[in-house]
Amino acid sequence: MDATDTRAANARPLLEVTGLTMRFGNLAANDNVTFNVHRGEIVALIGPNGAGKTTCFNCVSGFLRPTAGRVVFDGIDITGMRPYHICRLGLTRTFQIVKTLGDMTVEENVMTGAFLRAPGKREAREVAAEVLELTGLLDKRAKPGRSLTIAERKRLEIARALATRPKLLMLDEAMAGLNPTEIKGAMDLCLRLREAGLTLVVVEHIMEAIMPISDRVIVLSSGEKIAEGTPEEVAANEDVIKAYLGEKYHAAS
Amino acid sequence: MNESPWKDRKEPAGEPTRRLTHGALERTGSDGQALRPAQPVRRRARAPELWLLAVSAVVAVLPLAVNNVNFHHVLIMFLIFASLGEAWNIITGLAGQTSFGHAAFFGIGAYAAAVAYFRHGISPWIGMAAGAVIATAVSAVVSYPVFRLKGHYFAIATLAVAEIIFQLFVSWSYVEGATGISIPVAAEGLATFQFHTSKLPYCYITLAAFVGTVLVFRRVEESRLGYYLRAIKGSEEAAMAMGINPARYKLYAMMISAFITSIFGSIYAQYILYIDPFMVFALAISMKIVLLTVLGGLGSVWGPVLGAAILIPLSEYTRILLGGTGKGIDLIVFGALIVVVACFQPQGIVGLMRSHGRRRAERGVSGDARRDATAVA
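Just so you know, the protein sequences line up as chains A and X, in that order. According to numbering that gives the first Met the number 0, the residues represented by the first sequence are 0 to 252, in order. According to numbering that gives the first Met the number 0, the residues represented by the second sequence are 0 to 376, in order.
For the record, the hints were derived by calculation from the structure and aren't laboratory data. Cβ atoms here follow ideal geometry from the backbone N, Cα and C, with glycine treated the same way. Possibly wrong hints are sitting among the right ones.
Quick look at which bits of chain A chain X covers, simulated, 3 or more residues with Cβ under 8 angstroms [claimed, not checked]: (1) 110-118; (2) 145-151; (3) 159-171.
Isolated chain X (complex conformation) (with noise of 0.2 angstroms):
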């Protein structure tokens, strides 16, 4: 472990420890110049937590202005579906590998919570950290085996477990089986997280788990780890020979992906106050979660939120004009919206953002390229 020319551990104190080179290399630099740290190039990093900031003032004011109940379901369920996507967008859009049964740790989260008060009268709060602690453990037992192998063996153990789960729970007892849980009625309370008077406060916690969410995916998006599952999403021989152990990083992605995932099944379970299998672990939301993603932008933080913008009001908006007709509509606008997505703009709206974006900074007319040339003025 010695001898490194890279190795500073053995320089004196005094040396700066986290430099790189010693003079052999720093005489070489071109032009005779030091090779000084140089400024990193300053990304406009924070930016999208002040968009988060935004679009979290505008969504809380939203039910505050439009005080309709049909209104604040669709806000609820958008956020819901907003948070699904984030979170499934660290497994698939940061570290690309393809989950079909995201559905799963959403059940297991809804019926934990639901459990929890039905079963044994505990707060579904503790409820809803259990399942959280569950679907975690059950998305490493599962991903872990898989992960070591390449291609779609991943895809299709999602696809089989969500499945394998969803059976188990139609003929599990202690769950109710396919009859479901209906949570009984508690005196209404932030204690018992359950509402009856307004969706109001739904709206608002729901909001806050999301924005939580949100800076989940932006830290680990911007984390050592958000760089590592990138690398092994570009190409795990790549990344291996940079000392990055593929198969752990993936592991941990998925693991945080479903423990938020749960955590939001649980916030659904308390606001619908029943569930059943059908549907909570359907293989529908697992599909919700990947359209709208894929609609809106895979791995990047707004492509969920702007994908479930679309998706859910329609969705929800043809249930509540259409009743059970109306059941279906939703998923063939959508599709066909996905292929059209896939035909012109795989990055989906966030790429077709950002390729606008760049036409208009190559005609000179953006902000950046203004800024840009009074600099150098």
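For reference, chain A alone in the conformation it holds in the complex (with noise of 0.2 angstroms):
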């Protein structure tokens, strides 16, 4: 790659989605949203219960294959790619329902992603070891998957991505079902991953998680983008209000 292709890239939003659309039957989960994801940033995407936010997900880090639009990481289309094609690239996400490998010790669960970048067991062992300590797990890497609290697991999902070495990565709620001083401990970790320089794409119901953590954030409703810009604008948003307290709150208020 040489000196213009770098700025080029630089210059561009590391993730460019558009006019993404993903029909089920006559359901659109996804109507047309388009957004744009900048190096370096956290932007949060969230909406009330089946807004399409999953949906979005999984056509972006290629779990489905949009019905229409156009996804493109790093200045690659990647429309319809294979889920590890793009985790290849550098984009990788994590699961609601999370998915750890219960037969698995923690640090193998890790080395299992580490092995895409790293050549051997032990530099896979290393890159384990050091996620493992960020997520705060390392005391328990040799814990069989299945043994670990669903807070733990969380953070095994997200340590299993980071060893992937993204450069954006993608929470599908990873905050949800822990509690306050837990949530803390992950908004912690989603700061110290920017700062890392990292980008994170974050689906979350938890606001006061989410808002003062976020740059920028999407709401989608009925599968559609009703505002974007930074949480305070969105919050208010008299769409977003409407969306999700409903039209008779909104007018009470």
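Starting from the two chains in their separate frames, assemble the complex, guided by the hints.
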């Protein structure tokens, strides 16, 4: 890659989602959704239940092939690519319903991810140790995955994703089901990751957790993007209040 | 491909290339400690190799100590089926893809060795190599389309393909159809892979192949491939999110498994010196492989060995003692054992031993616990 390429890549958003539409039969889970994610940002994707957040995640990360629209990551059109190709390019995700590899130890879980870029076992183990330290799981590394609590499993999801050395990490409700202390820990982790130069797209329900750490918030409702902006802008947006609280409350307020 | 905070390609040459993080992450290590590559948890990773040495030493001495033809026969069959179980364990135990058709690869190997000498006068060793290549190719052709699907398609496909190949051999005149092949007697020796005066050479050839197979299993299990296979078994979605193409690695596992299975088919043919489709393509062979591995412990290196150590003497001695009337008794007993295992310890005998070991450890009587205690003191 020469210098001009590098400059072009820097100017461009890391992730460009254009006109993303995903239909299941007659239901449009995502309808013409367009947004960009810039390098080093934490972007939150919020919206009421059934708004299409996870579908959007699946389309971007390759687990679903969108009906229409384009997804460009780091200058490469990844629309319809398989998840493992996309991961190799540097975009990976965690799952809302954690997929802990229960038969493998915590360390083995993470090493599996590390093997993507680490040539050998020793290197993979070193990467795993660093990522486990970062996610606070180092003392649990010899335990089988199935023995972890839900909070630890969520962290293990993140650790496993980090081990693949992504540029863009997409977290699907990484904080759901956690207690306030654990949520605080997860918030700190997100900020630390951004500080390290990672770009994050976060789906989250817990507003108190997501608003303080997000640079930008995108709101989906019934499959459409209804608002985008800083946390303050979005919180004051009438459409957003309507979508969350319903027409009745909006009228009353 | 640039700009990744995790990529270190552009770092100065002096920097350790394995470093995952840069300064920002390093500062955040708890208590201000640098995130050094921690000491890996020392698993007793070499233990299975030591056990293998012990087991093979015992197996090497046994036929000399017990100089009985029947016993030698049982030992050879034990080694063959333990190895078949190891091979099957790669695709089913590690990768979680149940194959009910491994007899197909076993039969291909058996026929390749037999046909090589019977039809063309070529050394059975060359036949063995050709058979392994053919079996590997067949396994790839069969598996590739179904590995792209999820669910039980693979199990059904293996069952169907084994049946198709069986029917093919029954009516194929080149391999003498249903009549089977009686391998022409040749001079004894390693070159012809025929021994008539003693079963001992077969014992040792099979033992060598068994040791090789266990080592291959261990190699696969401990390698990146093994991690990938276990991840695929755990969750294909999780594997894909880590950059793993499940279809590709399942295919590798299947090909390795078919290759080994075929080699033991060849060994079997050279040992019995007569084969027909009903012997080597029998569903009973596929099932024995499945049952003994499940009884012993799916996914564990010693599972098939333990399972074969129980099933094979049972089936061979009932056959030797009862002849035709005893046919099937072994499978009845074995079926009952499987039901018991499935109900009480799905991890098989190995799982049983492990949970026993854990209980001992919890009571603080295991060697490990004591060692740890002294280390702390």
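Need the list of violated hint numbers for this structure, in ascending order.
Number 2 - this is the single hint that the structure violates.
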